[in-house]
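**Q** If you want the building blocks of each chain, they are given just below.
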Amino acid sequence: MAVTSIRGKALAFAGLAATAALALSACSSDGSDAGSESDSVSVGISQFVQAPPLDAAVAGFKQAFADAGYVEGETVEFTEQNANGEVPTATTIAQTFAGDDLDLVLAVATPSAQAAMQNITDVPVLFTAVTDPVAADIVESNEAPGSNVTGTSDMSPVAEQIALVTEIDPGAKKLGIVYSSGEVNSEVQVELAREAAAAEGMEVVEQTVTNAGELKQATEALGDVDAIYTPSDNLVVSGLGSIISVAEERGILVIGSDAQHVEGGAAATLGIDYEQLGYQTGEMAVRVLEGADPATMAVETQGEFEMTVNPAAAERFGFELPQEMLDRAANVIE
Amino acid sequence: MIGALELGLLYGVMALGVYLTFRVLNFPDLTVDGSLTTGAAVAAALITAGQNPLVATLAGTGAGVVAGVITGLLHTKGKIDGLLAGILTMIALWSINLRIMGKANTPLLREETLMSPLRDAGWIGKTWIAVLIFAVLVFALKLVVDWFLSTDLGLAIQATGNNEQMIRSFGVNTDGTKILTLAISNGLVALAGALVAQYQGFADISMGIGVILIGLASVILGQAVLGQRTLFMASLAVIVGSILYRLIIFFALSVGLNPNDMRAITAILVVLALLLPRWGFLKKIPSLRDRGNRRPKDPEPDAVASATTGVTVPAAER
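Chains as they are written, first to last, in UniProt numbering: chain G, 1 to 334; chain A, 1 to 318.
Derived from the structure by calculation, the hints contain no laboratory data.
Computed from a prediction, not measured in an experiment: that's the story for all the values here.
Ideal Cβ positions, reconstructed from N, Cα and C, are used throughout, including at glycine.
Among these hints, one or two may not hold up.
[Stated by the list, open to error] Distance condition first, Cα-Cα at most 20 angstroms in a straight line; then the derived DMTMM-like pairs of lysine to aspartate or glutamate:
| id | chain 1 | residue 1 | chain 2 | residue 2 |
| --- | --- | --- | --- | --- |
| 1 | A | Lys126 | G | Asp100 |
| 2 | G | Lys173 | G | Glu220 |
| 3 | A | Lys103 | G | Glu191 |
| 4 | G | Lys216 | G | Glu249 |
| 5 | A | Lys142 | A | Asp152 |
| 6 | G | Lys173 | G | Glu191 |
| 7 | G | Lys216 | G | Glu195 |
| 8 | G | Lys173 | G | Glu248 |
| 9 | G | Lys174 | G | Asp132 |
| 10 | A | Lys126 | G | Asp103 |
| 11 | A | Lys79 | A | Asp175 |
| 12 | A | Lys126 | G | Glu248 |
| 13 | A | Lys103 | G | Glu206 |
| 14 | A | Lys103 | G | Glu195 |
| 15 | A | Lys126 | G | Glu195 |
| 16 | G | Lys216 | G | Glu200 |
| 17 | A | Lys103 | G | Asp132 |
| 18 | G | Lys174 | G | Glu195 |
| 19 | G | Lys174 | G | Glu200 |
[Claimed, not checked] Each pair of labels, with its calculated beta carbon distance range:
| id | chain 1 | residue 1 | chain 2 | residue 2 | range |
| --- | --- | --- | --- | --- | --- |
| 20 | G | Pro322 | A | Val271 | 24 to 30 angstroms |
| 21 | G | Val332 | A | Ala121 | 55 to 61 angstroms |
| 22 | G | Gly291 | A | Ala121 | 40 to 46 angstroms |
Take the sequences, apply the hints, and build the full model.
**A** Set out below in structure tokens:
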């Protein structure tokens with residue numbers, strides 16, 4: 001390769017590039033034509049990574065538009081981009097959106113929201129699935145965001161969730177938590193969980209992981225714990241199965257922090273429904289499109305938390321859910 | 001599009017670092033996945049602590065130099081395989097980076113950074129001014145690297161990459177040249193990390209993941225387009241490759257390709273960049289086919305290095 005001439009390579013590559021460019025321009029013009037035919041609103045969706053809660057939030061967001069009378073493809077166009085977990089790509093997506101003629105942008109998860117906040121200044125930006133938007137510098141304060149950016153936080157009612165542990169297993173003394181050392185949202189929740197567990201008279205044992213493959217081992221390394229709390233952490237969610245399987249083997253109760261965890265095999269949660277959270281964000285977006293000012297729209301959290309239980313899963317851990325809890329449950333996973 | 005150019009130029013600094021180890025020293029250094037974040041983390045931590053952004057950026061670069069030295073020491077003095085030495089430092093850096101930042105994500109969105117003046121002026125992402133400024137800075141850095149590689153020490157480094165035994169027999173301390181190259185390389189990578197963090201508005205623990213692949217892709221793409229006949233062209237190609245890489249990502253996103261396919265697409269493009277020029281060219285010019293056949297399995301015999309050092313390494317010895 002070192003001995004071939006520069007011109008030969010340049011020609012070959014230019015040919016490749018030209019072909020690619022033609023193909024690309026053909027595709028992209030198709031896309032823009034569809035958008036400009038009607039006077040519909042165009043919404044860009046920048047999602048950080050593919051994960052069940054984030055996907056659910058986007059689905060809820062779109063549903064809110066549908067319920068507000070928008071018809072996808074006619075009066076609203078969604079342009080969806082996914083950074084595949086890569087931070088520079090999240091920036092590129094935000095910049096692309098800044099250059100496109102969009103009416104509103106939805107940023108899903110913290111890095112995408114930060115990238116959108118940095119690069120998009122003249123179009124309203126709504127975020128969702130951001131645990132602590134103030135700590136992430138996305139808004140000035142939750143009450144008055146102060147710029148074109150507002151949205152919903154997925155902060156869980158951690159204390160109430162930890163209380164479920166003692167409700168199911170009054171004798172629980174040791175609470176295990178496995179979380180990703182790479183996610184700020186998890187740290188925030190774990191800090192809250194420590195306080196809540198102390199209030200319930202429980203000791204907390206922690207393990208951190210850097211990828212989903214380490215979850216099984218980390219769960220085993222928790223040792224002799226009575227219960228495991230799973231924070232809403234992207235790695236934990238994607239590798240929940242390995243936590244559940246260890247817990248089933250050892251008879252450890254697993255309490256989740258959102259409904260997806262319970263669907264995935266945790267015993268119960270009182271928490272965020274990401275689809276609902278996305279829906280709430282969609283409602284905010286509709287209000288913004290109708291003229292509301294994001295700068296003065298407070299960051300919303302989910303007002304009411306829903307109890308989701310999975311009695312069969314609880315049984316596999318060797319526990320029975322109290323009747324009182326089953327009565328409160330809004331969703332029962334069969 | 002402009003944003004992709006800006007990002008490409010900033011990552012070009014990282015690609016220069018990868019070029020030094022991968023092409024010049026012939027050392028596959030995986031430290032960069034950690035040291036990019038180290039540069040970002042140190043810069044971000046100092047900036048949020050109220051330190052001058054320029055000082056913070058330089059400190060981030062220095063932290064990368066230290067990371068490179070550690071990999072170098074593990075490899076040369078500890079006799080640990082180069083690939084493993086890099087992996088070890090990279091893994092350790094994850095924890096160290098978390099310690100530096102204190103958390104997984106440090107926002108710089110409302111801080112005074114090196115990018116603030118450009119951003120306040122409305123130059124970033126919208127105008128060509130930031131692209132021009134970055135281009136000048138990165139080009140200047142490239143010239144410094146070129147100059148360094150042409151000094152006696154730089155020539156010794158190139159020779160170390162070409163034929164370690166031979167240059168050692170000439171009395172060069174190859175442990176020293178390796179450590180130095182790793183230090184400079186990771187310093188450049190960390191500098192890129194510090195700049196990118198300020199550009200994107202936050203440092204994130206995961207920002208370095210897979211960066212080595214981006215670096216290698218940039219080096220290979222760029223050199224497929226521009227070649228590497230001279231030192232000047234080889235290092236310029238690396239920066240061009242970094243920009244090309246970002247443009248490819250940008251176009252793939254604009255076309256709406258499935259994000260899950262992105263990595264495969266990147267891999268295919270790099271493979272094409274490696275293969276197409278050779279195949280297409282060799283078919284047209286038979287006289288070169290012989291030379292191609294003689295050393296078909298060696299895509300990176302450093303013609304640059306041998307040309308500039310004047311050290312000719314017979315193919316049989318490699």
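**Q** With reference to the structure, classify each hint as holding or not holding.
**A** Hint check:
no.	hint	result
1	A:Lys126 / G:Asp100	holds, 12 angstroms
2	G:Lys173 / G:Glu220	holds, 17 angstroms
3	A:Lys103 / G:Glu191	holds, 12 angstroms
4	G:Lys216 / G:Glu249	holds, 12 angstroms
5	A:Lys142 / A:Asp152	holds, 18 angstroms
6	G:Lys173 / G:Glu191	holds, 18 angstroms
7	G:Lys216 / G:Glu195	violated, 26 angstroms
8	G:Lys173 / G:Glu248	holds, 18 angstroms
9	G:Lys174 / G:Asp132	violated, 27 angstroms
10	A:Lys126 / G:Asp103	holds, 18 angstroms
11	A:Lys79 / A:Asp175	holds, 10 angstroms
12	A:Lys126 / G:Glu248	violated, 55 angstroms
13	A:Lys103 / G:Glu206	holds, 16 angstroms
14	A:Lys103 / G:Glu195	holds, 18 angstroms
15	A:Lys126 / G:Glu195	violated, 46 angstroms
16	G:Lys216 / G:Glu200	violated, 27 angstroms
17	A:Lys103 / G:Asp132	holds, 13 angstroms
18	G:Lys174 / G:Glu195	holds, 14 angstroms
19	G:Lys174 / G:Glu200	holds, 11 angstroms
20	G:Pro322 / A:Val271: 24 to 30 angstroms	violated, 59 angstroms
21	G:Val332 / A:Ala121: 55 to 61 angstroms	holds, 58 angstroms
22	G:Gly291 / A:Ala121: 40 to 46 angstroms	violated, 31 angstroms
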